[in-house]
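First to last, the sequence lines map onto chains A and B.
Per this note's numbering, the first sequence starts with residue 5, numbered consecutively.
Per this note's numbering, the second sequence starts with residue 1000, numbered consecutively.
One should not assume that every hint holds.
Unchecked claim - Below, computed lysine-lysine pairings styled on DSBU-like, alpha-carbon distance capped at 35 Å:
| # | chain 1 | residue 1 | chain 2 | residue 2 |
| --- | --- | --- | --- | --- |
| 1 | B | K1242 | A | K44 |
| 2 | B | K1588 | A | K139 |
| 3 | B | K1013 | A | K213 |
| 4 | B | K1181 | A | K40 |
| 5 | A | K213 | B | K1501 |
| 6 | B | K1501 | B | K1361 |
| 7 | B | K1501 | A | K40 |
As the list claims (entries may be wrong) - Restraint-style ranges between C-beta atoms, simulated for each label pair:
| # | chain 1 | residue 1 | chain 2 | residue 2 | range |
| --- | --- | --- | --- | --- | --- |
| 8 | B | P1051 | A | Q138 | 45 to 53 Å |
| 9 | B | H1183 | A | W118 | 43 to 51 Å |
| 10 | B | Q1543 | A | E160 | 39 to 47 Å |
As the list claims (entries may be wrong) - Simulated coverage check for chain B against chain A, where a stretch passes if three residues somewhere in it have a Cβ under 8 Å from a Cβ of chain A:
| # | stretch |
| --- | --- |
| 11 | 1097-1106 |
| 12 | 1138-1148 |
| 13 | 1464-1470 |
| 14 | 1640-1651 |
Don't read these hints as lab results, they were simulated from the structure.
No experiment lies behind these values; they were computed from the predicted model shown.
Ideal placement from N, C-alpha and C gives every residue a C-beta, glycine not left out.
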Amino acid sequence: MKVGVVVFPGSNCDRDMYHVLTDVFNLDAQYYWHEKSLPKNIDAVILPGGFSYGDRLRAGVIAAHSPIIKDVQKMAKKGVPVLGVCNGFQILVESGLLPGVLLKNESLNFMCEWTNLVVENNKTPFTNQFKLRQKIPIPIANGEGRYYVDDDTLKELKKKNQIVFRYDEVVNGSSNRIAGVCNEDGNVVGMMPHPERAVESEINPIDNKPSSLIFESLLSKMGVSN
Amino acid sequence: MSLEPQELTELKSKIGRDPTSTELQIVAAEWSEHCSYKSSKRHLKMLPMEGPLVITEKGYDSGVLDVGDGYVVTAHIESHNHPSAVEPYGGAATGVGGVIRDILSAGTRPIAIFDGLRFGDIEKDQQARWLFKNAVTGIADYGNCLGIPTIGGEVEFDKCYENYALVDVAAVGFGKKENLIKNHAKKGDIVVLMGGSTGRDGIGGSQFASDSLESEDRSAVQIPDPFIEKLIIEAILEARNEKVIHAMKDLGGGGLSCAISETADALEIGIEMDVDKVHTRESDMHPDEIMVSESQERMLIITSKTKFKKLQEICKKFRIGCSVIGTVKSDNQMHVKKGKKTFANLPTDVVANATLLDLPSKEPTYLKTIEKEKKLKPISDYSKTMMKLLSSPNIASKIWVYGQYDHEVGIRTVVKPGRDASVLRLDNGKFLSVKIDGNPKQCYINPREGAIGCFEEACRNVVCTGAKPIGMLDHLQFGSPKDPEIFWTFLESLKGLTDFAKDFKIPCVGGKVSLYNETPDGPIKPTPLIGVIGLIDKTPQIPQRISKDDCLIIVGETKDELGGSEYFEYIHKFIGGKCPTVDFTESKKNMKSVLEIIPKKLLKSVHDCSKGGLAVAVSELSMNNQIGCKVDLDKVPAKKLDADRILFSESHSRYLLTFDKKNLSKVEKILKKNKTSYNIIGKFGGENIQFTKGKKSIIDLRVDKAQKTWLNSLKDLVLHG
Chain A
5 MKVGVVVFPG
15 SNCDRDMYHV
25 LTDVFNLDAQ
35 YYWHEKSLPK
45 NIDAVILPGG
55 FSYGDRLRAG
65 VIAAHSPIIK
75 DVQKMAKKGV
85 PVLGVCNGFQ
95 ILVESGLLPG
105 VLLKNESLNF
115 MCEWTNLVVE
125 NNKTPFTNQF
135 KLRQKIPIPI
145 ANGEGRYYVD
155 DDTLKELKKK
165 NQIVFRYDEV
175 VNGSSNRIAG
185 VCNEDGNVVG
195 MMPHPERAVE
205 SEINPIDNKP
215 SSLIFESLLS
225 KMGVSN
Chain B
1000 MSLEPQELTE
1010 LKSKIGRDPT
1020 STELQIVAAE
1030 WSEHCSYKSS
1040 KRHLKMLPME
1050 GPLVITEKGY
1060 DSGVLDVGDG
1070 YVVTAHIESH
1080 NHPSAVEPYG
1090 GAATGVGGVI
1100 RDILSAGTRP
1110 IAIFDGLRFG
1120 DIEKDQQARW
1130 LFKNAVTGIA
1140 DYGNCLGIPT
1150 IGGEVEFDKC
1160 YENYALVDVA
1170 AVGFGKKENL
1180 IKNHAKKGDI
1190 VVLMGGSTGR
1200 DGIGGSQFAS
1210 DSLESEDRSA
1220 VQIPDPFIEK
1230 LIIEAILEAR
1240 NEKVIHAMKD
1250 LGGGGLSCAI
1260 SETADALEIG
1270 IEMDVDKVHT
1280 RESDMHPDEI
1290 MVSESQERML
1300 IITSKTKFKK
1310 LQEICKKFRI
1320 GCSVIGTVKS
1330 DNQMHVKKGK
1340 KTFANLPTDV
1350 VANATLLDLP
1360 SKEPTYLKTI
1370 EKEKKLKPIS
1380 DYSKTMMKLL
1390 SSPNIASKIW
1400 VYGQYDHEVG
1410 IRTVVKPGRD
1420 ASVLRLDNGK
1430 FLSVKIDGNP
1440 KQCYINPREG
1450 AIGCFEEACR
1460 NVVCTGAKPI
1470 GMLDHLQFGS
1480 PKDPEIFWTF
1490 LESLKGLTDF
1500 AKDFKIPCVG
1510 GKVSLYNETP
1520 DGPIKPTPLI
1530 GVIGLIDKTP
1540 QIPQRISKDD
1550 CLIIVGETKD
1560 ELGGSEYFEY
1570 IHKFIGGKCP
1580 TVDFTESKKN
1590 MKSVLEIIPK
1600 KLLKSVHDCS
1610 KGGLAVAVSE
1620 LSMNNQIGCK
1630 VDLDKVPAKK
1640 LDADRILFSE
1650 SHSRYLLTFD
1660 KKNLSKVEKI
1670 LKKNKTSYNI
1680 IGKFGGENIQ
1690 FTKGKKSIID
1700 LRVDKAQKTW
1710 LNSLKDLVLH
1720 G
């Protein structure tokens, strides 16, 4: 299967994501510069983390107007799995593919630390291998990572099962401790924590298996056994 | 800020005429202490700079070490003290930017940042708190945006830095040996300025940094733009892969003046350039301003006319400026024009090589009495003293600092910050461990032994991860060299470092000298900062969770040498006494033993004793693992010392080994074989950190209480004062 890794000016987790897709999960991954278009036969799209356009104006807002986003929107509509991690999540939110906004952390500081996620929806292409409420030790690294939605939208999200990950404890002041959400169809997922930093035991001081399930879920969705 | 009268006379005699105003600006920048090293250069030669792994090339700004399998590691250290003292956010951020470009100019990708920060007494001094907070944010915002992990460093507070700041940044790069840029140029090649535009920020920055800080000259501070720097990194690495770079240099202190003259001098060529071709931020800049502007995020590249097309294409992709500003000549002249009019035409060797000084030195008078100890006030409750130390800004956890740095990006960080030294994995299966250490309190008391101590401490920290030291970076920070007493302390530190480097066969692969670090109250304490790069072939020592009944061994002797210790200075407010000295033979023996045990996978953790002594080192193990520990001070190898001396002495060459008791005989066998001085001093368990002397309890603290204080006190101090 073919996975596209979209690269914006200022993306900085693109190479980490590519390494994990190709060297750890043996996938056929390809970089796509933000001014290029995505091929029609692509099986999944990943928007990696970083500081697209130096986070100017607001994280993700300029990249959301990149030419490639139109293609990502088309793919999303067709049901192709799309994952946005950290800045990728911010871009998906800013481009209207996911609900909500991402605000500055409550501490007003950039935060880099390990935390625990809880899986709240195990029906998405990136979570289908998890047990519901399963915990994932994973690092976060962001300055604008506080997910916010108003109360009405929050009710909708709950009703439509769009909350994918919650933080196990209060981390940055996110609404309802939300760490990741999906669109109504469930094929577009955004998350602030970095799964690509947690799938190898060498750099994961706690347990690398849960994070690996995010990628194994994608493999299983595509009917590929790893 | 310009040339000294005798320097002007010298310049006139060398070029046989009066210099133009542009020439004066160029030479003043290049002959500044910051760019020319005129006071220090003749002495720096004493450091050993060669070794089996060291690769040297023309015109490199960073050191290169061969780490095997066709890979190299590059390393460099810089400071940005003067700018950070005036504008901490921009000063610290551009400090990161500068050192990153030094790594990039060798053709390697930057993979880690380290920062050493020093400020005044933040408990009392609001200004110091403001400087500290903003310098940390500056580093975080810059490094995080670049996607280069900041994985280590140190933070220290001392009254000698009041109204001032030391911001040191080291960086490490990694790449294939075959991709190193072998700087070369020939007649007809073109000179390209790539990256951000040239503006009026940072005008005269290098001269500003070569004088005492008397006025707050904000225009001399550069403005950071990490986004442009990130684009430059990716564009240059792409250009490197396309093999379109003949030679490359970053623009730092002295701007175009230094980059052009130093490149031309190193490659023995001439360069003719036109300031009208430089892409500027403002339209009415004078040639003088363009030549000395220190606007950030710029690189100078020499390429051929045919390869330029590809370079231009790459720059277009990343939308960064790329101007052909000149051509390579064979006349060894630096020729600056504006259109057809000449503004400067100087021999490059005159510009790039200031006359070196041989400054007088004299032992400072204060040193004659400083080792004398005063009678200390007796302490009735050591548990209280211990809590006070754990909450003191120099000893408290620095998690508030490194928690703001992305230390995971790049997915190389095997041992995370907050331990002895961080460890990165490399693409050839080996691991790299790097640590920077300084100790101005000890260097003030004994500049020679203090400097050696910093070197040994940095080595000790990488040894704790299982790494063998393979290279050293030195950053020598002192007050005005024109004061013979200060210059003496500079020379003593340098001699000490040289002796250690030669004896331990650790080559100096890069460094920097920063002089004129003076505050309104006088010079800073001597602050050499030493970075040590260690290489691990197979097995890094990754800290494992310590559990009940695990054993604790101390390797090395604890001696009565508390001068410059946190115990003397923070608890007793006493500056003086005998500072710790490194016994080279003992140091080597201990390193050898530890490095022999680690690959056998017998240990759960290895931790060094440094600031705060044994008491703090043991407490850190307990707090990091949330488990109690009981240590008998009578078991610590030390010659009849009082309890407080054993607890708080900062003697070097000491390691704490923690392991499952079933491994005891195997560990002891190696220590005995190497005739290492060691002893089993305690075991883990319970909920309290306890130190006893025989049956008498000296310290008894709950781990959770200690941990809470240790983790939160620095953050509380910064946020709430």
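Verification of the supplied hints:
1. B:K1242 x A:K44: With Cα atoms ~33 Å apart, B:K1242 and A:K44 stay inside 35 Å; holds.
2. B:K1588 x A:K139: 46 Å, violated
3. B:K1013 x A:K213: Cα-Cα ~70 Å, so violated.
4. B:K1181 x A:K40: 34 Å, holds
5. A:K213 x B:K1501: Violated - the C-alpha atoms of B:K1501 and A:K213 are around 47 Å apart, more than 35 Å.
6. B:K1501 x B:K1361: Status holds; Cα separation ~25 Å.
7. B:K1501 x A:K40: Roughly 55 Å between the alpha carbons, so the hint for B:K1501 and A:K40 is violated.
8. B:P1051 x A:Q138: 45 to 53 Å: 51 Å, holds
9. B:H1183 x A:W118: 43 to 51 Å: 47 Å, holds
10. B:Q1543 x A:E160: 39 to 47 Å: 46 Å, holds
11. 1097-1106: Contact hint for the stretch 1097-1106 of chain B vs chain A: violated, 0 residues under 8 Å.
12. 1138-1148: With 6 residues closer than 8 Å to chain A, the stretch 1138-1148 of chain B meets the three-residue bar; holds.
13. 1464-1470: This one is violated; 0 residues, fewer than the three required, reach chain A with a Cβ under 8 Å.
14. 1640-1651: violated (count 0)
In the structure shown, a violation is registered for the earlier hints numbered 2, 3, 5, 7, 11, 13 and 14, in ascending order.
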